[in-house]
Amino acid sequence: GAGVSQSPSNKVTEKGKDVELRCDPISGHTALYWYRQSLGQGLEFLIYFQGNSAPDKSGLPSDRFSAERTGGSVSTLTIQRTQQEDSAVYLCASSATDRGSDEQYFGPGTRLTVT
Amino acid sequence: GNSVTQMEGPVTLSEEAFLTINCTYTATGYPSLFWYVQYPGEGLQLLLKATKADDKGSNKGFEATYRKETTSFHLEKGSVQVSDSAVYFCALLDPPTGANNLFFGTGTRLTVIP
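Just so you know, the sequences run in chain order V and P. In terms of the numbering used here, the first sequence opens at residue 1 and continues consecutively. In terms of the numbering used here, the second sequence opens at residue 1 and continues consecutively.
Next up, chain P with everything else stripped away, as it sits in the complex:
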């Protein structure tokens, strides 16, 4: 079956620190992988995605590389800002198996302090 295992939080970092949030997945097909972000008081929004192995998704200074050999899609940012404080969700979509819904990790709450 499909599942996503995500690094547990919460994570607290100082501004300009390096961020890594680990995400690994289990899928029966060849899934597309996503990172969604939920800022305080706002809805869930797509941060970045990768649809095949070795693809790198990037947005707003965040990056994640689709690693098939390690079944991972870790989120990284070189220098976080206070405005990055949010909950981050790793997710996969595996339509070839007949499942068109997103499978989400449990979410990681990031707090960036000045």
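Next up, chain V with everything else stripped away, as it sits in the complex:
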């Protein structure tokens, strides 16, 4: 079956512009996560959605970052007024439930470059 997909695969944007990154989780997975992989910071958690519950936004680095998950499926991560330090690979993952033993399946990532 299809895995987690993300689009675009690469995005180059100018400093100050807004960007939207999309994630399509595995069908039927109730939990969805966004992470960021950047040089010097490693892999860090951004935001987590589980079913219809309020998202856990504790990892978002600033109020320029926001995310939505519509209809319990597709998610969009939005970065407003991008800065050069936002350059990173943004990874989306989904899992069947939010139980600790459930594997998180990762998408291929979106490489964001802010010039």
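By construction, these hints were calculated from the structure, which means they are not laboratory data. Nothing here was measured: the structure is a model prediction, and the numbers come from that model. Backbone N, C-alpha and C define an ideal beta-carbon position, used for all residues, glycine too. Possibly wrong hints are sitting among the right ones.
[Claimed, not checked] Ranges between beta-carbon positions, derived for each pair:
(1) V:87 x P:76: 29 to 37 Å
(2) V:16 x P:17: 47 to 55 Å
(3) V:63 x P:82: 40 to 48 Å
(4) P:39 x V:70: 29 to 37 Å
[As the list claims (entries may be wrong)] Residues of chain P clear of chain V, computed beta-carbon distances all greater than 10 Å:
(5) 11
(6) 13
(7) 26
(8) 53
(9) 54
(10) 58
(11) 74
(12) 114
Starting from the known structure of chain V, arrange chain P on it as the hints suggest.
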């Protein structure tokens, strides 16, 4: 809080050498522990996991044992191959504390030379 400390790389080994990548963790609850691998040009994928103390996760010749007494989850392989060249990430998940996200180590780049 939750954190993962992972052996710094890069690590370069000859084919058929023994591999150990150290990982220790700090958690407030009873976490599940994972090793993820990222092969060149590919996405992050789960290599193995262990969900409780003394469990051993294994896959593709790799093993790691969940040691609660030493808060460790070291990755081992008896004989590495060139195809094992990748970046390896140790991670934990600790839902009982309310955190459903993975906490990752910094990653260890392994290069295996023929």
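Hint by hint, here is what the structure shows:
For the hinted restraint 29 to 37 Å between residue 87 of chain V and residue 76 of chain P, the CB-CB distance of approximately 35 Å keeps it satisfied. Between residue 16 of chain V and residue 17 of chain P the beta carbon distance is about 49 Å. The supplied range of 47 to 55 Å therefore holds. About 46 Å separates the C-beta atoms of residue 63 of chain V and residue 82 of chain P, a value consistent with the hinted range of 40 to 48 Å. Judged by the Cβ atoms, the range 29 to 37 Å given for residue 39 of chain P and residue 70 of chain V holds: they are separated by roughly 32 Å.
With a minimum CB-CB distance of about 17 Å to chain V, residue 11 of chain P clears the 10 Å threshold, and the non-interface call stands. At the 10 Å boundary, the C-beta of residue 13 of chain P stays outside the reach of chain V, the nearest C-beta of that chain being 22 Å off. At roughly 16 Å from the closest C-beta of chain V, the C-beta of residue 26 of chain P stays outside 10 Å, upholding its exclusion from the interface. For residue 53 of chain P, the condition that its CB be more than 10 Å from all CB atoms of chain V holds, with the nearest at approximately 14 Å.
The claim that residue 54 of chain P is not at the interface with chain V holds, since no C-beta of that chain comes within 10 Å of its own (minimum 16 Å). Every beta carbon of chain V lies more than 10 Å from that of residue 58 of chain P, the smallest distance being close to 15 Å; the non-interface claim holds. With a least CB separation of 19 Å from chain V, residue 74 of chain P remains clear of the 10 Å interface cut-off, as annotated. With a minimum CB-CB distance of about 28 Å to chain V, residue 114 of chain P clears the 10 Å threshold, and the non-interface call stands.
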